[in-house]
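J.: Chain residues, written in single-letter form:
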Amino acid sequence: MSTNDVILTMRDVRIDGFSDDRWHQIIKGVDITLRRGEILGLIGESGAGKSTLGLAAMGFARPGCKFVGGSIEFDGIDLLKLNNAELRTLHGSRIAYVAQSAAASFNPAHRLINQTIEATVSHGIADQTTAKQDAVQLYTDLQLPDPDSIGERYPHQVSGGQLQRVMTAMAMSSRPDLIIFDEPTTALDVTTQVEVLTAMRAIVEKYNTAAIYITHDLAVVAQMADSIKVLRYGETVEDAPTRDMMSEPKQAYTQSLWAVRSIEKPPQPQVDSILEINHVDASYGKSVKVLNDVNIKVPRGQTIAIVGESGSGKSTTARAITGLLPPLTGDIVFNGQPLPAALKNRTKSQLQSIQMIYQMADTAMNPRHTVRDIIGRPLNFYLGLTGQAQDKKVMELLHLIELDESFLDRYPSELSGGQKQRICIARALAAEPELIICDEVTSALDQIVQEGILKLLLRLQEELGITYIFITHDIATVRAIADQVVVMFQGKVVEQGDKQEIFQPPYPAYTELLLSSVPEMNPDWLTQLQEKRAG
Amino acid sequence: MNTPTTPNGGYSAANEVTMVKARRTFVQNLWRTLKTAPPTAWFGMLVIFLYLFVAFFAPLLAPHGQAEVFPMAYAPWSDEFRLGTDALGRDVFSRLIYGARNTIGIAVATTFLAFLIGGSLGLMAAISRNWLDQVLSRFVDVLMAIPSLIFALMLLSIFGSSAFNLICIIAVLDATRVFRLTRAVALNVVVMDYVEAAKLRGEGLVWIMRREILPNIMPPLVAEFGLRFCFVFLTIAALSFLGLGIQPPTADWGSMVRENAGLIQFAEYDLTAALTPMIPAAAIALLTVAVNFVVDWFLHQTSGLRDEH
Amino acid sequence: MFIFNLVHGVMIHVHPILTTVIQRLGLGLLTLFVVSIIIFSSLEFLPGDFGQAVLGQAALPETVEAFRRELGLDKPPIERYISWVGNVISGDLGTSFSGRNSSGVDRSRDVWELIQPRLANTIFLASMTALIAVPLALALGITAALYRNSIYDRVVNSVTLTTISFPEFFVAYILILVFSTYFKVFPSLANISDATPFLEKIYRSSLPALALTLVIVAHMMRMTRAAIINLLASPYIEMAQLKGTSKAKVILHHALPNAWAPIVNVIAFNLAYLVVGVVVVEVVFVYPGLGQLMVDAVSSRDIPVVQGCALIFAGTYILLNLFADVISIITNPRLLHPR
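Residue numbers (the numbering used here), protein chains in the order written: chain A, 1 to 535; chain H, 1001 to 1309; chain S, 2001 to 2339.
Keep in mind that the hints were calculated from the coordinates and are not lab data.
Computed from a predicted structure; not experimentally measured.
Some residues of chain S that are not near chain A, with every Cβ distance over 12 Å (derived):
#1 2028
#2 2083
#3 2087
#4 2164
#5 2194
The calculated DSS-like cross-link candidates involving lysine-lysine, where the alpha carbons are at most 25 Å apart (straight line), are:
#6 H:1199 - A:344
#7 S:2201 - S:2184
#8 A:28 - A:66
#9 A:393 - H:1199
#10 A:265 - A:455
#11 A:206 - A:132
#12 S:2249 - A:132
#13 A:297 - A:265
#14 A:297 - A:348
#15 A:81 - A:28
#16 A:250 - A:28
#17 S:2247 - A:81
#18 S:2247 - A:66
#19 H:1199 - A:348
#20 S:2249 - A:81
To give an idea of the chain A side of the interface with chain H (calculated C-beta under 8 Å), a few residues:
#21 324
#22 343
#23 358
#24 366
#25 378
For each residue, glycine too, the CB sits at the ideal point set by N, CA and C.
Taking the hints into account, I'd like the entire structure generated from these sequences.
T.: Given below as structure tokens:
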């Protein structure tokens, strides 16, 4: 069998989806050609149709979706002409699937090993004993701890990163010709993501399996794929081998996918601190301490980024500053004056000068209020503006965030993701604050929209001199907009300093691990990292 | 969808494409929604409207008084007594019409009271989430551990059956379920960032309750009002049927079934006589079916989901 | 685990599922205790002149006083509660109010004697209904969920939506009208006693059982359908399909092990509902059961009998829910196989 054998051909595939009482085009004629052992990266933003296309490669359409045109040929078999029973003989034997949420995709009632070999045994590819021995081998290949016994556990007994690797073993068990990876590392922290990526890449290489790798993260796909297809609104934007795509993307849209990485902020002069957090400990209930002796100085008129993985305490720090979670010990000094620990003891002007912007703009705005209500309320509450004066100020704020009067009477459901986040920014600005806490404000947004929001925030800082505390797990964002960086790990500050210092070696161990785990736009990054960590 | 760009090719946030709903008046919106309603919902609304009409204009529509006694017990159906008379010689048709007013009136009053008690306590529990929430929730758990009909029977045996007692007892027992639902849906809203944003702004509790939470929990509460009404209506009908609910001579459908039940055995001689006790029972069933149809459609409209309980 | 540490003062390793079950049982007992206080205190709320009302207007003040003393109303409530609970546990529910009269001659009967034969009859009717209704409802609910949005599903759905809107007595009278007076298939009065032979008992109880079944099946079927649809929407079910697993195996191997908890909850909820539905249906068919006894006792305000019946109904209800919770706990893989 030559390695140039084509395993999958999709021609002009069209899929419609049913929503709001009518059928919409989701996939509008996409072609894919995949050879044996080749990995294709499917990349695009939310709503681009990546997952739908990935499942289509299995001849499967989710409930509420239907094929309306085109052909899907897998190793000479037209999948769209098969009935359900015939498709089932291919699924789990020759084509396998790795889902995004491993925790939800494993049946909680069965042991991992039995789920790993289920398809292999039921399709008669191997008997129970052989399949189990092979599964242990796969667990070993995937660098799972205790490969001999981990299969005897239940899904809730292992961690997310391990579960994702077990799912890869499950897909690999029948030695399929094709695996669909559907955003397998999106839900994982960066340090875990590196381990899972390394393991997955090694195993598909070892068994020469063809794969379709779906993700929204270009840097991730660059490590995995031989060639990349960029999708947008159900259509192909660009198709190219990975190295060509990375070095010279043809389309403006493709370039915009790493737009955030193009923002640069010059070093800022030394200034006094607007806010100081001194020896703060905090915990939820009486259990574990989530903050342990946290000290942070926030420079006036600049941006300080607090970075860390989930559970590092970065969001808890924000809650302590706002007074939502009063610290157990330590104090928070704002403009030289100690802030009362609890929200209810703070004065109106203290509340006014610290504002917050949230990650999910969707849940940060009351769906039953119009833009006029949302921005108008702080104007009325803090500044006492009403009627005409209030409307005039709302309009000014809308222009400030690059929107116009036509948005005044819209409800949040009538705004795009980026527009929602802008309205939230306007609401924070309406209070005329000195400090704004931004909690992962761009992580739910598509790349091109992220760039717009970050540029807006930078411009507002220049014009109004506002201080930002930027809470994020995304190192690219930090590089783009921060002046100072705080690295947190397990409730402690690991490192704090100017961005230039932090991102220069030598690093403390955790910062090193965190920074080196962030995928880079270099297709050789993962290989180099592996070599470096091994050596 | 298009790329959000300005004519000169730059990126523009204002041009990001979104679906903006056309602005319409309340009446236009209502009409548009009604036009898409399925036949079952139309049927339901028609029936409810008819019942309300009869209840409001009962004295004008009924040929005789509800307690007016004629010297003819068990008179057959005729022009004068369209559905005959009962054991005491009262006109069944007139009592049926007055029954709409009495039975529906008491059920609506009870449901309102239950929502007033359960709704306000549920909202308070959800927002405060402190000892008050704990105390109320445990208390409701215990009340709900006794089947409500049995509890109602016990309380009626102590306090005696009167319309006032009936309304209070059923309302308090039903308020437990309203409490649970209000608390649950309000808890979903309380955790939203916009409520936290309002707290951070320094807003007072009443403002948060009225402006941030209440508008967002109305749809499930309105639907629950319909379902609770059905439940209350059936419970009161059952109690009246057992002779422990609305007391004579007030005309009421549940007790009318009981009073005329004996006529069923004459089915082979006179089918109309046998139907006499069935008509008030059917009247109860029809209204409940109608309300259920409307609630079903309403839930489908507001969330696309139907809570099957 | 915490409780055991307190009791024994040493760390004993107990499977967490056992602690969860024991906690749940403890909670059940606590509920039962609180409910018993509520039922007991119903005597406290009686109006002051109830002695006169029970014994009749002609009763002498001494007779009324003696009656109050017999009820122990001169003693403090806590003392009375303790002795009441003691009596209840040993099967003594007190004596009924009816049968007493102004002359002081006491022909009242022991409450347990009144309740016992009727309880047996009610259990007979309820079990007969449950045996028909539970399998029927589960079959209908599961098939409707599997063939969702088919014509079959829609028909079953609208029929059951209509049925749950019907008052129980309406369903009962329709059955009487059709099967008893029009076609004389079954008797309209379910007249049974201890002496009635078993098959005859079943025959005479057919209509009440059928009426209850119709009402229960509608509720139970709708809830089963919702629970199964909810389950089938899980990502692991899609995963199983994408592994090429056959439809039957997806249901039996992947859905069923996770379905016990929701299904048992549905069954318990509806059996508890059955306990209530039985009251009305017994009255319609003049079935000599506990429900009818309770209704009569409420009309004559015979508090000890009401208390006895309420205690039995509430106890059954609590036990059924407790049972469902315990099943949910012991079939939950997260608790069964702790980390």
